[in-house]
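*Asks:* Each chain, written out:
2 protein chains.
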Amino acid sequence: MRPTDFLPIFGWLKTYSRSDLQGDAFASAITAILLVPQGIAYALLAGIPPQLGLYASILPPMLYALFGTSRTLSVGPVSIAAVMIASALASPEISALHQPEQSAVMLAAETGMILLLMALLRMGSLVNFISHPVLTGFTSGASILIVFSQLPPLLGLAKFDCTWSLGCYADTVRTANPAAAATGFCALSLLILFGRPLTGLLKKTAMKPAWITAVSKCGPLLAVALGAAAVNRFDLHTDYRVATVGPIPAGLPALRFDMGDYAHWRLLLPYAVLIALVAYVESVAIAKAIANLKGEKIRPNQELFGLGAANIASALSGGMAVAGGFSRTMVNFSAGARTQLAMLAASGLVALALMFFSPYFAAIPKSVLAAIILVAITPLIRLKNIVDTWRYDASDGLAEGVTLLGVLVLGIEEGITLGIVLTLISYLRITSHPHIAVVGRIQGTEHFRNVKRHEVKTWRHLLLLRVDENLTFANVNYVEEFITDQLRRQPDIRHIVLIFASVSYIDSTALEVIEGLNDTLKNRNITLHLSEAKGPVLDKLQKTDFLGHLKPGKVFFRTQDAVNELA
Amino acid sequence: MRPTDFLPIFGWLKTYSRSDLQGDAFASAITAILLVPQGIAYALLAGIPPQLGLYASILPPMLYALFGTSRTLSVGPVSIAAVMIASALASPEISALHQPEQSAVMLAAETGMILLLMALLRMGSLVNFISHPVLTGFTSGASILIVFSQLPPLLGLAKFDCTWSLGCYADTVRTANPAAAATGFCALSLLILFGRPLTGLLKKTAMKPAWITAVSKCGPLLAVALGAAAVNRFDLHTDYRVATVGPIPAGLPALRFDMGDYAHWRLLLPYAVLIALVAYVESVAIAKAIANLKGEKIRPNQELFGLGAANIASALSGGMAVAGGFSRTMVNFSAGARTQLAMLAASGLVALALMFFSPYFAAIPKSVLAAIILVAITPLIRLKNIVDTWRYDASDGLAEGVTLLGVLVLGIEEGITLGIVLTLISYLRITSHPHIAVVGRIQGTEHFRNVKRHEVKTWRHLLLLRVDENLTFANVNYVEEFITDQLRRQPDIRHIVLIFASVSYIDSTALEVIEGLNDTLKNRNITLHLSEAKGPVLDKLQKTDFLGHLKPGKVFFRTQDAVNELA
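In order, the protein sequence lines correspond to chains A and B.
For the record, in the first sequence the residue sitting at position 258 is 258 according to our numbering, with numbers rising by one throughout.
If you want our numbering, it's the position in the second sequence, counting the first as 1, plus 1000.
Hints are computed from structural coordinates only; laboratory data are not their basis.
Glycine included, each C-beta is placed from N, C-alpha and C at the ideal position.
Take these hints with a grain of salt, some might be off.
[Unchecked claim] So the derived list for chain B, only partly shown, Cβ under 7 Å to chain A, looks like this: (1) Ser1125; (2) Ser1131; (3) His1132; (4) Pro1133; (5) Tyr1392; (6) Asp1393; (7) Asp1396; (8) Glu1446; (9) Ser1502; (10) Ser1508; (11) Thr1509; (12) Thr1520; (13) Gly1535; (14) Thr1544.
[Said to hold, decoys possible] Across the chosen pairs, the derived CB separations fall in these ranges: (15) A:Leu293 x B:Lys1384: 50 to 60 Å; (16) A:Lys457 x B:Thr1199: 48 to 58 Å; (17) A:Ala394 x B:Thr1199: 51 to 61 Å; (18) B:Asp1561 x A:Ile425: 37 to 47 Å; (19) B:Leu1405 x A:Leu221: 57 to 67 Å; (20) B:Arg1494 x A:Lys457: 29 to 39 Å; (21) A:Asn564 x B:Lys1452: 20 to 30 Å; (22) A:Asn564 x B:Glu1455: 18 to 28 Å; (23) A:Ala289 x B:Asp1561: 28 to 38 Å; (24) B:Ala1567 x A:Leu221: 55 to 65 Å; (25) A:Pro536 x B:Ala1567: 22 to 32 Å; (26) A:Lys159 x B:Arg1266: 31 to 41 Å; (27) A:Ala394 x B:Lys1522: 25 to 35 Å; (28) A:Ile425 x B:Glu1414: 18 to 28 Å.
[As the list claims (entries may be wrong)] Okay, the calculated bits of chain A under chain B, using three or more residues with CB under 8 Å as the criterion: (29) 384 to 396; (30) 424 to 430; (31) 441 to 451; (32) 514 to 524; (33) 537 to 546.
So that you can see chain A by itself, here it is in the shape it has in the complex (with noise of 0.2 Å):
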């Protein structure tokens, strides 16, 4: 391992040149400005003090520069983290102990310690165990759950504590706050024209690109700056109970961590481990989706090391827990950011921010805030993609929606645990039916197909079987039941070759089985044979008994020869 491996920064601070400081100078500033009003709001998502999204913002960023091997990622606090978060501070057992800030911040500790354990287990690989329409019908359904959480700040209601009575969800609209609900649609209807139609426009001026993206991404941070000038300026705080953010302590985050106790951690345990899961999976497909774009090389487990420093950096600077977001790395790259640089000085911005215009932060209303959520969460409700992964493939769209129905219905852990077991399940289901085909020889050539899909000669007393899959105790069953059949129906059948072009592996159970298979074969004077088993197969068949058991039964190289000889 050499060391840009652990430390990738030095690798491209080698090449780093002046064109890529004009880039990420630009994005960081971009970035920065992204930050500052979504670390507020998704630490109000999370349930925990907003100065909590802002340490956040600050040292994991740092630390994944260090140690990430993504050039454009934007770590720090993202939606899904955030109500990933919520819903564990909300459960009977976390909330009775009334200390929502330290369980935040230890569940930033917690998520980042298994992160680096499974860094130090190398399993960047395991983890591919989410498989995309679970990923996304999990992401539409938190989304849908973030939308419903924001219209209560968004209209400035109490908290809807309904369950299935309509009118009760239509009393607590009408405890709406008229000037809450203002600014909120306000914010939201900026929010929107920054979006598309501004951009729209610019793009019909000479603007250029990265400067199109720059004013557009400025949204958020006016609107959170026009809310907090409108509450000052019109006393909605006190004259129309507006709610804001409140005060933010000034200055730096302390570096100190309170250990809390052993029962403690052992209750944060299951929502770390989901956390740090979804983290991880969103962030790795975010990071290699940019990278495919560059021609760059994202691995996985030099991530899991990333997102771990990061997420214990952040909980010694008591943030919350974070991981690589999608808007902000989008606008991050797209605004000319070339390395990680730009996510060095973008942290920076804010720990000044935080330095010298936390007392601005107190008087942004609470509903802007939410306008602010509502507009980036909502890209992340595919609906439709639950249709389109139906056609192509039933049981993955089915996962897909079963998957956001359980986080609807269930909740959000429950809804990704049972996302992923229908994954493992369905994925188990399949791998336990390998393709066999029944091949033949097609004429003139000494290709073999299907003999069901070609015009292919095949001989009465020989069967030829290709078994397209790895043999394990998964599918050997599945592969003795197919012989089985065959033979009921071709009872003339003396020889049987098992071409095994495609088999790279035979586990303990399997090679059981086929013994298993060969003498019953042999009662009934049927000799089973092998053709293009490849070296490592036979390597390991050859510390067995497996080969001699065989004989008369043969191993050919070709599966021609085979039939030269036995046809």
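Since the structure of chain A is already known, use the hints to place chain B on it.
*Replies:* Just chain B now, kept in the frame of chain A:
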């Protein structure tokens, strides 16, 4: 579905012959001789009154005979299920209810319902996820636990209540009851003599093999009869405090079922799930082994139904959970059983014994039953198997060893759960690293093989890759990385052909990743092609835009065609 699929008994009754009857009648007597002492012994092993084992030997085999697909499987009380029941009843939350008998019957009912549910969901093939090494490790571990659990009754000791203090064990052994230990060791010697020594001797005579089996299997009945006679003759129970079975209610069980409450069912659920899983996997393994010898066929989903019905029947008649027993099935088969009529008759004989001989059971010494269990269980301890498995496949050997240790150190349920989790993880690890080969053409043929293993021709601008597995969320990232790596090593490549001969399924995650890869390659002026793609795969791809996006990349029928055009 034909009626005989659901009631296999009517399939073989139609061709039933006189010679079948002879074999079945003889085998039924031998199996009944085994069923009575085993039923009592396994009930005591489970920690419940002896009649629960006898009741489980009457209706359950009858129900299995109707619905099961194996002609010789002997369903009834078995040692591994008994020790799992003992473990469930000994758990703090269930023993706190002080209703061991009621709990055991409910456990049988719940096990039966789970098996029926699995049958309904057609999960016969899904439950393959217990691999042979894990099953062998579990069986060995559970058998070692059983051996230790039988030392106190064999020696007439108080139960061991020691942890890590050797002195405590020594003290407990000193409480041994000499009279009990003497009867125990006499029984042990008798049983061992009735094993290999007696059969070896009889083989030298002109006795028929079936009669040799019959005589050698009378050991347990003889031991029980002699033990009871000794207890009666020498007043061993009253004068020497030799523990005996005690009174057993005479006559057949009443068909009734006490529903219990929801909380009780809930507590038993995890145990019932594991008992159902182990009962099913063990039974099918035994049934298949015998069916293969005779060229018969076991249908897993129907087995789930048969075993489920047998367990429900056991619960309704006040019996314990049942499964197919290895030793009893082998005895039944080698005594000449041809069909389930043998088991029907055997269970009738057990019913007669319960009606007319139950007063004689009371005097059976527990030490003799312990000896019977010890002799039956010892062959299931297969420690050397771990070494053999390890030699063939280290990860399988590890799983077997860890499962065994898990059972011994953590407990029965924890051990089997650990084993299943290990199997799944190693399975995901293997399948997430699919075999991919860079291939070239073997000169003078149209045969393409791995460049690493064969002398083949390759081309500078053309990369031929054979993917040897279905593409799913679990392995597609590996495939993508493999291709990216190859391109880094061979920068001259302009065309990549993915040979899909072994690919029969591409899930939606894999499709997305390959679409992304195709975009990346296009940006770098490299064209992606497919070859040898199978019909079903092409059919599915045609539902998407993929083949359109692939252009100018093509889909070649044979790899040779691709070489002709691109090389």
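*Asks:* Now, for every hint given, state plainly whether the structure supports it.
*Replies:* Verification of the hints:
no.: 1; hint: Ser1125; result: holds, 5 Å
no.: 2; hint: Ser1131; result: holds, 4 Å
no.: 3; hint: His1132; result: holds, 4 Å
no.: 4; hint: Pro1133; result: holds, 6 Å
no.: 5; hint: Tyr1392; result: holds, 5 Å
no.: 6; hint: Asp1393; result: holds, 5 Å
no.: 7; hint: Asp1396; result: holds, 4 Å
no.: 8; hint: Glu1446; result: holds, 6 Å
no.: 9; hint: Ser1502; result: holds, 3 Å
no.: 10; hint: Ser1508; result: holds, 4 Å
no.: 11; hint: Thr1509; result: holds, 4 Å
no.: 12; hint: Thr1520; result: holds, 5 Å
no.: 13; hint: Gly1535; result: holds, 5 Å
no.: 14; hint: Thr1544; result: holds, 6 Å
no.: 15; hint: A:Leu293 x B:Lys1384: 50 to 60 Å; result: holds, 56 Å
no.: 16; hint: A:Lys457 x B:Thr1199: 48 to 58 Å; result: holds, 53 Å
no.: 17; hint: A:Ala394 x B:Thr1199: 51 to 61 Å; result: holds, 57 Å
no.: 18; hint: B:Asp1561 x A:Ile425: 37 to 47 Å; result: holds, 39 Å
no.: 19; hint: B:Leu1405 x A:Leu221: 57 to 67 Å; result: holds, 59 Å
no.: 20; hint: B:Arg1494 x A:Lys457: 29 to 39 Å; result: holds, 37 Å
no.: 21; hint: A:Asn564 x B:Lys1452: 20 to 30 Å; result: holds, 27 Å
no.: 22; hint: A:Asn564 x B:Glu1455: 18 to 28 Å; result: holds, 21 Å
no.: 23; hint: A:Ala289 x B:Asp1561: 28 to 38 Å; result: holds, 34 Å
no.: 24; hint: B:Ala1567 x A:Leu221: 55 to 65 Å; result: holds, 57 Å
no.: 25; hint: A:Pro536 x B:Ala1567: 22 to 32 Å; result: holds, 28 Å
no.: 26; hint: A:Lys159 x B:Arg1266: 31 to 41 Å; result: holds, 33 Å
no.: 27; hint: A:Ala394 x B:Lys1522: 25 to 35 Å; result: holds, 30 Å
no.: 28; hint: A:Ile425 x B:Glu1414: 18 to 28 Å; result: holds, 23 Å
no.: 29; hint: 384 to 396; result: holds (count 5)
no.: 30; hint: 424 to 430; result: holds (count 6)
no.: 31; hint: 441 to 451; result: holds (count 4)
no.: 32; hint: 514 to 524; result: holds (count 6)
no.: 33; hint: 537 to 546; result: holds (count 3)
Checked against the numbered hints listed earlier, the structure breaks none of them; every hint is satisfied.
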